[in-house]
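Trainee: Below, each chain spelled out in residue letters.
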Amino acid sequence: MSPTAGGAHVSFRSKDDASFDAEFDYVVVGSGAGGSAAAVTLARGGARVAIVEAGAWRDPDDYPSSAYGSMRDLMEDWGSQVTMGRALWPVVQARTVGGTTVINSAICVRTPDDIFDQWEREHGVSGLRERVGAAQDRVERELFVEEVPESARGLSNLHAKRGADALGWSHSHYMQRYVKGCLGAGQCFQGCRDRRKQSTNLNYIPETMARGGLVVSSAPVDRILFERDRAVAVTGRFVHPATRATGTKFTVRAKKAVVVAASVTHSPVLLMRSGLRLPALGKFFRAHPGTGVFGCYPDPVDMNVGATQGWASTGFRESPGLKLETLAIPPELVASRLSGAGTVLMQRLGEYRHLAMWCHAVRAESTGSIGRGVLGGRPVVRYTLDRADMERFRQGMVLLAKQHFAAGAREIIPGIAGMPFKLGPDDVDKLEEAPLDPRRYVAILSHLFGGCVMGRDEATSVTDARGRVRGVEGLVVADASVIPTNLGVNPQHTIMGLAMTFAEELLAS
Amino acid sequence: MVTWLIREAIVRLYPREGDLPGAEDCDLDAFLARFRRETSPLMWLGVVLGAIVFHLTPLFTVSVPLPAFALSRELADRHAQRISTTHVYLVRQALFLVKLVAGLAWGGHPSVRARFALPPYPPDPGTWRTS
Chain R
1 MSPTAGGAHV SFRSKDDASF DAEFDYVVVG SGAGGSAAAV TLARGGARVA IVEAGAWRDP
61 DDYPSSAYGS MRDLMEDWGS QVTMGRALWP VVQARTVGGT TVINSAICVR TPDDIFDQWE
121 REHGVSGLRE RVGAAQDRVE RELFVEEVPE SARGLSNLHA KRGADALGWS HSHYMQRYVK
181 GCLGAGQCFQ GCRDRRKQST NLNYIPETMA RGGLVVSSAP VDRILFERDR AVAVTGRFVH
241 PATRATGTKF TVRAKKAVVV AASVTHSPVL LMRSGLRLPA LGKFFRAHPG TGVFGCYPDP
301 VDMNVGATQG WASTGFRESP GLKLETLAIP PELVASRLSG AGTVLMQRLG EYRHLAMWCH
361 AVRAESTGSI GRGVLGGRPV VRYTLDRADM ERFRQGMVLL AKQHFAAGAR EIIPGIAGMP
421 FKLGPDDVDK LEEAPLDPRR YVAILSHLFG GCVMGRDEAT SVTDARGRVR GVEGLVVADA
481 SVIPTNLGVN PQHTIMGLAM TFAEELLAS
Chain L
1 MVTWLIREAI VRLYPREGDL PGAEDCDLDA FLARFRRETS PLMWLGVVLG AIVFHLTPLF
61 TVSVPLPAFA LSRELADRHA QRISTTHVYL VRQALFLVKL VAGLAWGGHP SVRARFALPP
121 YPPDPGTWRT S
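Top line first, the protein sequences correspond to chains R and L. Position one of the first sequence corresponds to residue 1 (the numbering used here), numbered consecutively onward. Position one of the second sequence corresponds to residue 1 (the numbering used here), numbered consecutively onward.
A hint or two may mislead.
Claimed, not checked - According to the in silico footprint, chain L covers these stretches of chain R (three or more CB under 8 Å from chain L):
(1) 49-58
(2) 71-80
Unchecked claim - To give a feel for the contact side, a few chain R residues facing chain L, derived at Cβ under 7 Å:
(3) 62
(4) 66
(5) 118
(6) 121
(7) 340
(8) 353
If you are wondering where the hints come from, they were derived from the structure by calculation, not from laboratory data. Positions of the beta carbon are idealized from the N, C-alpha and C atoms, including for glycine.
Based on the sequences and whatever the hints tell you, model everything.
Mentor: Right, dumping it as structure tokens:
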């Protein structure tokens, strides 16, 4: 092992190298919001912790600058995973030390109270409210949660607030984010080279190392090993971050427990590959699918100047079931997002500086599943929105259109196949009648839940209310895959709160 | 040959227009060589299929039995618009992938960013922590 300050990091090792073996108290699979929060909690409790991460460890100086670089270096398979359903919608996940906290907008929203009620009522999950809340208090202090500063808001976020205020919307606000002194560089998607965004590769993971931990990167776990009914190790082969060449074998043994936090798509599939057969494994997948609506403004907006995401409204969370947010995307992504090609597309792109994109995330009730693909056993997400969710989806677009017009937009670009490219203020009724076929829309799934859901009923859950996998010892799931419902808000804070609570429970046991 | 097909599709999807550079002004050959080297096989396959679809479908969009690379500029332009907005979902998705990759080449280029008052991107280092 190559020692670093206070701990150790092992990265790719080729086939010519000897296999890598280590033994720690706990092994945490995955280093995103859940894995890092669980790991640092265990390390603070005096345990020796190994974090095993499929992606490479990139420091801010290693971060890409362009969207191309982000897809190459930080995303899983260039962001090419899509839902298998009526429509092929991308499933956005990172693959790097720090996980999706490196590429997201670091939006911090506490778990809504009604979610704990719902978990208790529908899934028999109780006793989490106070403990998750206490963990979230701690995270907010440690990761410097603050409102987007005035100097970093940028015109897109300011317009959004103005539009929402003009419509009298409640719960319209500049976001609270895990960002210390945002400079408004508009580079959240590529990782914050200014080190302002508090992704977990900058804090909880180094702290885990400093407390004697180990980080094994570029190391996708192939399976969990069991002795009798106890999880005792994880194993796999290193994969080169650039060439994708397979390296030597690694095995990291856990004296006390294995904590799986490999993401909603990977955690259930890892459990499947490891031979677990539970009726609910891979089931009850949920998401917050969303899309963006562009507003075309008379003066330049320059949406890439200022915080990538700085404004939000949670006022529609309960009815119709939406979250609204700003989202700035660079020219290279606007290019594919606008419909058309050839001269028509170039004329549309000529307006880039006048465009502001705001988006919604639908609190969808539809459920899907996660399974193993035939090629290499990779995750396959089967998911299609039902009619009620598509109506919410469309309603969100109507709200965004009205907000743009209230903020002074001349026209909006809804991006619905088969509809006019632009709509004016008098055309909003056309949007209200837009088709409900998901194939007409360009959307993404950014907030994912389920696949290893927690609950009381053995037939409908994979873990208990502390993340402990049923039927085996020493195996805990600590990521969004345990969440049995949608949230209607950004999930990072809930994931961290749950992971810390589960880790505290492990220490206590 | 395959890379040439992709290149010719991209040039027609993102032509030069007024003072806005087209994909052919954006070091496209170097980009495609880099993309071919760095991308995953699955992504590359998708882009190849998308480019083939683009070149083989003018009969259905402009009623001309020629591949798109053999069309006049005007016809190719009309074909590009029609095929990228077709009602056939899988064809539209195939073209979307080519548009996405082409957009990375076009929108990330310094000349395009300058046109939108954005500074050039510093190089993507492509490095990672090894110790």
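Trainee: Just pull the numbers of the violated hints for me, sorted ascending.
Mentor: Those not satisfied are hints 5, 6.
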